[in-house]
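Take a look at the letters that make up each chain.
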Amino acid sequence: MKIFGQLTLLATLGLVSSALASWLPFSFPGSIMSMFLLLGLMIFQIVKEEHIDQVAQFFLRYMGAFFVVPTIAIIEHKNLLQGFLIPFILVCVIATLLTFIATALAVKVTIKLLRKKEQQ
Amino acid sequence: MELVWSSPLFGIAITFVTFEIGLFLNKKFRSPLVNPLLIATVLCITFLHITGIPLAAYQVGGGFLEMLIFPATTCLAFSVYTQLPLLKKYFIPIVVGSSVGAGVSVGSVVLLSQWFGLNDLLTNSLLPKSVTTAIALELSTIVQGDPPITIMAVIITGITGILLSPLLIKMFRIQDPVIQGLAIGTSSHVLGTSKAIELGPIQAAMSSIAIFITGVATVILLLFVI
Numbered sequence: 001m002k003i004f005g006q007l008t009l010l011a012t013l014g015l016v017s018s019a020l021a022s023w024l025p026f027s028f029p030g031s032i033m034s035m036f037l038l039l040g041l042m043i044f045q046i047v048k049e050e051h052i053d054q055v056a057q058f059f060l061r062y063m064g065a066f067f068v069v070p071t072i073a074i075i076e077h078k079n080l081l082q083g084f085l086i087p088f089i090l091v092c093v094i095a096t097l098l099t100f101i102a103t104a105l106a107v108k109v110t111i112k113l114l115r116k117k118e119q120q
Numbered sequence: 121m122e123l124v125w126s127s128p129l130f131g132i133a134i135t136f137v138t139f140e141i142g143l144f145l146n147k148k149f150r151s152p153l154v155n156p157l158l159i160a161t162v163l164c165i166t167f168l169h170i171t172g173i174p175l176a177a178y179q180v181g182g183g184f185l186e187m188l189i190f191p192a193t194t195c196l197a198f199s200v201y202t203q204l205p206l207l208k209k210y211f212i213p214i215v216v217g218s219s220v221g222a223g224v225s226v227g228s229v230v231l232l233s234q235w236f237g238l239n240d241l242l243t244n245s246l247l248p249k250s251v252t253t254a255i256a257l258e259l260s261t262i263v264q265g266d267p268p269i270t271i272m273a274v275i276i277t278g279i280t281g282i283l284l285s286p287l288l289i290k291m292f293r294i295q296d297p298v299i300q301g302l303a304i305g306t307s308s309h310v311l312g313t314s315k316a317i318e319l320g321p322i323q324a325a326m327s328s329i330a331i332f333i334t335g336v337a338t339v340i341l342l343l344f345v346i
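Protein chains in written order, with this note's numbering: chain A, 1 to 120; chain B, 121 to 346.
Looking at chain A on its own, in the form it has when it is part of the complex (with noise of 0.2 Å):
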């Protein structure tokens, strides 16, 4: 019972993000509209731990399984990659590398300059 009643706060909780999403004036995820949504309502405490714990650990937990399916269509779209898998492959490591970096790097200084503020 419990897990049918979490199930049906997240169908709902999807088809009002769906409804207030299509009701912006740019495009803008459905998903990530109830994503924002759920953690507002939590914040709030109108929706506690309890009401959504399990079935949220459920999807979490096999979130990639979902995944599968929307993966297996590359083979029908195989020969975009053709002759680009190298340069594709580098651009990925390389921006990752960098992004890294990048963060790190963001977060010192802002950590720092946060101290340097605290002393002052």
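Read the hints as simulated data drawn from the structure, not as lab findings.
Backbone N, C-alpha and C define an ideal beta-carbon position, used for all residues, glycine too.
Keep in mind that the hints are not guaranteed to be accurate.
Below, computed lysine-lysine pairings styled on DSSO-like, alpha-carbon distance capped at 27 Å [to be verified]:
no., chain 1, residue 1, chain 2, residue 2
1, A, K112, B, K208
2, B, K209, A, K108
3, A, K108, B, K147
4, A, K116, B, K290
5, A, K112, B, K209
6, A, K48, B, K209
7, B, K148, A, K117
8, B, K290, A, K112
9, A, K48, A, K117
Covered by chain A, per the in silico footprint, the following chain B stretches (three or more residues, Cβ under 8 Å) [what the hints assert, rightly or not]:
no., segment
10, 236-249
11, 257-267
12, 292-306
Among the chain B residues that face chain A by a calculated CB cut under 10 Å, a handful are [what the hints assert, rightly or not]:
no., residue
13, W125
14, S126
15, L129
16, I134
17, Y178
18, G181
19, G182
20, E186
21, F190
22, Y201
23, I212
24, V224
25, L284
26, L288
Starting from the known structure of chain A, fit chain B onto it as the hints suggest.
Frame of chain A, contents of chain B only:
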């Protein structure tokens, strides 16, 4: 036999069985290369190829599972909520770090793609590569990329993070666990977080929060800036 694979249960069952095999192998070998999503995908493609069952038949049931990506994305809010005290404590460094990371990720993809001569479709597919799959998939469609190619980029990015982040931490002498976790989560999403978990509890928590903030920053960047 056609009756079996034309049933929606065929796609669902084959996905669950192959993903379960992926989870089992991942637990056994504990290697980032043994990723359950990657294993399930390869096994499903191999199975369809050997049996000659058309992809469309698999997608009948698969479509039901694909629909569940929406509620799964919503549940990311739950994982952020459980880390709320840490998010409040380090709010400014988290927002600054993840936003800078999101910007550098998108910017470097654009520049490197031009440099390596990738076409627009591949470049657009690569743009959301540093965010978690659920958000990346939505963004890929919006920026006119190709979702399956985006998922490949997301997986390669995650594996890169797992393999190279300990090396980068050593090379740049990053000792603060907050910085370590944020850099891992921002650059290599959920897969990288599995490495952060090995490094320590603060790294793991910061990495999980970074996934959410980087996702939001990338959405804002791709929808409103670019």
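Evaluated hints:
no. : hint            : in the structure
1   : K112/A - K208/B : 18 Å, holds
2   : K209/B - K108/A : 15 Å, holds
3   : K108/A - K147/B : 34 Å, violated
4   : K116/A - K290/B : 26 Å, holds
5   : K112/A - K209/B : 15 Å, holds
6   : K48/A - K209/B  : 22 Å, holds
7   : K148/B - K117/A : 49 Å, violated
8   : K290/B - K112/A : 20 Å, holds
9   : K48/A - K117/A  : 36 Å, violated
10  : 236-249         : holds (count 8)
11  : 257-267         : holds (count 6)
12  : 292-306         : holds (count 10)
13  : W125            : 14 Å, violated
14  : S126            : 17 Å, violated
15  : L129            : 14 Å, violated
16  : I134            : 9 Å, holds
17  : Y178            : 7 Å, holds
18  : G181            : 9 Å, holds
19  : G182            : 4 Å, holds
20  : E186            : 5 Å, holds
21  : F190            : 5 Å, holds
22  : Y201            : 5 Å, holds
23  : I212            : 6 Å, holds
24  : V224            : 4 Å, holds
25  : L284            : 7 Å, holds
26  : L288            : 5 Å, holds
This entry does not satisfy hints 3, 7, 9, 13, 14, 15, going by the numbered hints stated previously.
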